[in-house]
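Protein chains in written order, with the numbering used here: chain C, 27 to 410; chain S, 27 to 410; chain E, -6 to 129; chain L, -6 to 129.
Derived from the structure by calculation, the hints contain no laboratory data. Glycine included, every Cβ here is placed at the ideal spot set by N, Cα and C. Hints are not guaranteed to be accurate.
Selected chain S positions facing chain L (Cβ under 7 Å, derived; list incomplete) [said to hold, decoys possible]:
1. P50
2. P147
3. T149
4. P156
5. R158
6. Y159
7. I160
8. G162
9. D163
10. H164
11. A170
12. K174
13. R175
14. M177
15. Y271
Distance ranges between label pairs, derived from CB positions [as the list claims (entries may be wrong)]:
16. E213(S) <-> T21(L): 37 to 45 Å
17. R255(C) <-> R34(S): 30 to 38 Å
18. E91(L) <-> P301(S): 39 to 47 Å
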Amino acid sequence: MTQFRPGRDVYVVGVGLHAFGRFPDQSLSDLARDAVVDALQDSGIPWTAIPVAYFGHVYYQGMSVGETTLAQLGLTGVPIINVENACSSGSTAFWQAYWGVTSGVFDVALAFGAEKVPGGPVTVTAEDSPARYIGGDHMMAGYALRMKRYMEETGATAAALAQVTVKARQNAAMNPYAHRKDTYSVEDVLNSRLIADPLTLYQCCPTSEGGAAAVLCAGDTLDAYGVDRSRAIRIAAAALTSGNYNGRGSDHSAFSPYRTEPAALQAYEMAGIGPEDVDLVQVHDAATIGELQQIEALHLFPYGEAWRATAEGRTALTGDVPVNTDGGLLAMGHPFGATGIRMVHETVTQLRGEAGPRQVENPRVGVAQCSGAGDVTTVHILTR
Amino acid sequence: MTQFRPGRDVYVVGVGLHAFGRFPDQSLSDLARDAVVDALQDSGIPWTAIPVAYFGHVYYQGMSVGETTLAQLGLTGVPIINVENACSSGSTAFWQAYWGVTSGVFDVALAFGAEKVPGGPVTVTAEDSPARYIGGDHMMAGYALRMKRYMEETGATAAALAQVTVKARQNAAMNPYAHRKDTYSVEDVLNSRLIADPLTLYQCCPTSEGGAAAVLCAGDTLDAYGVDRSRAIRIAAAALTSGNYNGRGSDHSAFSPYRTEPAALQAYEMAGIGPEDVDLVQVHDAATIGELQQIEALHLFPYGEAWRATAEGRTALTGDVPVNTDGGLLAMGHPFGATGIRMVHETVTQLRGEAGPRQVENPRVGVAQCSGAGDVTTVHILTR
Amino acid sequence: MPVSVDEKCLRLTGDDGTSGTLLGMRCTECGIVVFGPATFCQSCSSPALEEIELATGGVLYSYTIVRVPPPGWPGPVPYVLGEVELPEGPHVLAEVIECTHDALQVGMPMTLALQPVSMPDVPGSERVVYKWRPAM
Amino acid sequence: MPVSVDEKCLRLTGDDGTSGTLLGMRCTECGIVVFGPATFCQSCSSPALEEIELATGGVLYSYTIVRVPPPGWPGPVPYVLGEVELPEGPHVLAEVIECTHDALQVGMPMTLALQPVSMPDVPGSERVVYKWRPAM
Ligand SMILES: [Zn+2]
Ligand SMILES: [Zn+2]
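Chain C with its partners taken away, still in its complex shape (with noise of 0.2 Å):
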């Protein structure tokens, strides 16, 4: 396993979202400049302070998006960097952001993202692959397969899984900056039309469009930035992990899960706790079984017990492991460059207590998740 060497703390000292949804009227870079300028506030650190910037975004939306953004916030000539990881590009645009400035290259530094999905099945081949003949590229129906296998070695019930976007529909309801705001009973989840089966579409995150943002900063310059220390939140381990040979299904390895591990295991070394300390968790779940694998890769919950603990109440906000708190993929939707830094968004917001009618009750640490085409994971672990 990879070690990397972390230096000094680093903190996030401001974070900002646009809200999720459709917004037909305003750009990518609109979306983004927005989540940065309230980040920024936030942070109470101003654009001409910040030294680099990181943006995570999948679509090809013009050249240097990111730097097109920020020029719009003042020319300060600072590197801005575009980078892309699939579903997993805010959360990368993050990761690189921590590694800059625990390793003193930057004493601070801007993460942030946005995305315009467009409608339909989302894809991860270029237009020309085989993939088109042979219909395999459908991140949906990838789902359902792991979904299919999922529920004949567990005995996961339908009902079971259904209940994951139950929950994350009444947390979005207290949610503001969410997508879909609806509530749901497990029954109007399974009847939803199919869309491949056994997913059903209030099963499948929306396409949607959003952007948030994130400032991060050294411990050791906190007050030199003027940074209040009491609303900062300690990045205590940032993993990125790229596919590892597992044995089975490496060759479709869109469809294998639990390539989560590896990045939790490096996470929770890093941070020097385990599972047992988790006190929330935002995972990805694209689709309702997307949740149930993740938590279990993170080792929240043993091989295949999710979907029962799931039934049982314990990932809900007043459960012992609350997952997904202000709605997740399925309730807010996935802008791919959005979603790693909203995560953080969230789990920063709980850790401070600031969460108002979602608030979980008294945080200390918390889990942000991530999955991407290439395999790529990202776990980052914050705490208080």
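Based on these hints, arrange chains S, E and L with the ligands on the given structure of chain C.
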């Protein structure tokens, strides 16, 4: 000016290229992979020992192309980050790899890039941009505006500008990796068809495909990795800037020359040298005028004098400041993700004394400079 | 002459596009097998790979009935997508044809089937595509 | 009603699409002016910006005759592209119309001209576009 903190010495210990040209039967991944295999072999460090990789490319060809590419070498699980910074995408990957190693996060890093640029005029905005109505988003038209103004202000002759291409083709004729190897006279260049007056076809870089890779290693771990020190080339400076407000042309920054100056000044300061110490240079000659303005912005010649220096042969292989010794963008073409690392490849090859018939006499200091939309500039200084 | 959808994954063995073999690579260092082309071993990064012909059948690891197809899908809707585990290890994803939806079951034996597929309105786009069908 | 190609750059002042004003933003802290919309000053990052109407003319900073147009260009080929420096400082890039190629000169005075432009075969795509023409 942003002050970063370099730490350990970092060396380029391996470089590799896929030939530049047109390769309809090879995918983006194929081009990238071949360059990586070449660079790893050159370095003597196996893929299984590489702890991180940065991949530069611009156009969307599926998600996580860096991961997909390197998966072919074995699934080692390391972080792989795709970066985009327009024409500076490759050099941004290199910059990021440098800062990761110098700061001690990793001992070794792989930077690579590739691109398949479609034919026809290159634009930088999204398809639904108002720019489509206005007609100003056209990279070569931008260069033509700069060229017209430069000729007006400095008295530069058309023949001196054409000489930039003549020299590029002479150098490329000695470079097996070049896209265009046939040589031209000044008359040939001036008589080729007009693209955007006064810019003729042979004064514009071709649209090309290609791949490039470099392996970086910390100075204090060269022996641990079994690196041949006699072929290791030190990275003396790595600068990356976005736009600075300069009081002129900020509204149309793509057309504003001399954006390179802040990055150049940062790089000279970091390396502890001045322009007078530079033995050879690779600059962003997407059009002939680009080379002239970049070598002036690098302070290698006073403003308005690069055209005369070129006419006098001072930038030729046998001149006092050889520029674009491998043929530059004008003869190599410009696969955005590869170009910046291709420049590192040439600089390293020259500093090693391995450039064969195009070898510059005993060079000790080389500079590689890229510019891109969004006013991105990178300047890297390598020394023997 | 029929053309394979991907010559490095599917080698046609006759002239009529109805017979062929899935191709894989086996690592002579560690023994693992992958479906399709490879230059280095996915598990140990060794370049010591040899091309092998894969089994013509396997068992259904999972399946789904796709009701909303991906962009560019040239076939019928809905279609069944099946992930089949080959005896050599690799999983191969492809359309399942000639099946009754209700009769599909995880674990059932599947056998290779080849079919020509064309992109609508694209002359010369016909390719022979590998698919699965329930074994007799 | 005619529609501006970009309402934050060009405000139409009549009902027939023939009159309008280029818009800019002036920083009340440092005084610099930019063409088009801005929330923060490009020079000093101050949010204290005020919208201003820009001059209706300027001088030709540079120009080119574009013989190979960019993708989607809806106008004639070749066309002249001019970069005009306004008295307030910003440079504004646009097509130069009603000019003789040989008479173009860096430094010549230019004046704003508005023209309707439609994308071929796109109903409802007509926009009023700002252009330059040589001043009388
Ligand atoms: Zn092996
Ligand atoms: Zn100002």
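Quick rundown of the hints versus the structure:
1. P50: 21 Å, violated
2. P147: 5 Å, holds
3. T149: 5 Å, holds
4. P156: 5 Å, holds
5. R158: 4 Å, holds
6. Y159: Nearest chain L Cβ about 5 Å off; hint holds.
7. I160: 6 Å, holds
8. G162: Check passed: Cβ of G162(S) comes within 4 Å of chain L, closer than 7 Å.
9. D163: With a minimum Cβ separation of about 6 Å from chain L (threshold 7 Å), the hint on D163(S) holds.
10. H164: For H164(S), the interface hint holds, since the closest Cβ of chain L sits about 4 Å away, which is under 7 Å.
11. A170: 4 Å, holds
12. K174: 5 Å, holds
13. R175: This hint holds: R175(S) lies near chain L, its Cβ roughly 4 Å from the closest one there, short of 7 Å.
14. M177: Violated, about 9 Å.
15. Y271: 4 Å, holds
16. E213(S) <-> T21(L): 37 to 45 Å: Hint violated: Cβ distance 55 Å, outside 37 to 45 Å.
17. R255(C) <-> R34(S): 30 to 38 Å: The hinted range 30 to 38 Å holds for R255(C) and R34(S), with Cβ atoms some 32 Å apart.
18. E91(L) <-> P301(S): 39 to 47 Å: 46 Å, holds
The earlier numbered hints that this structure contradicts are 1, 14 and 16.
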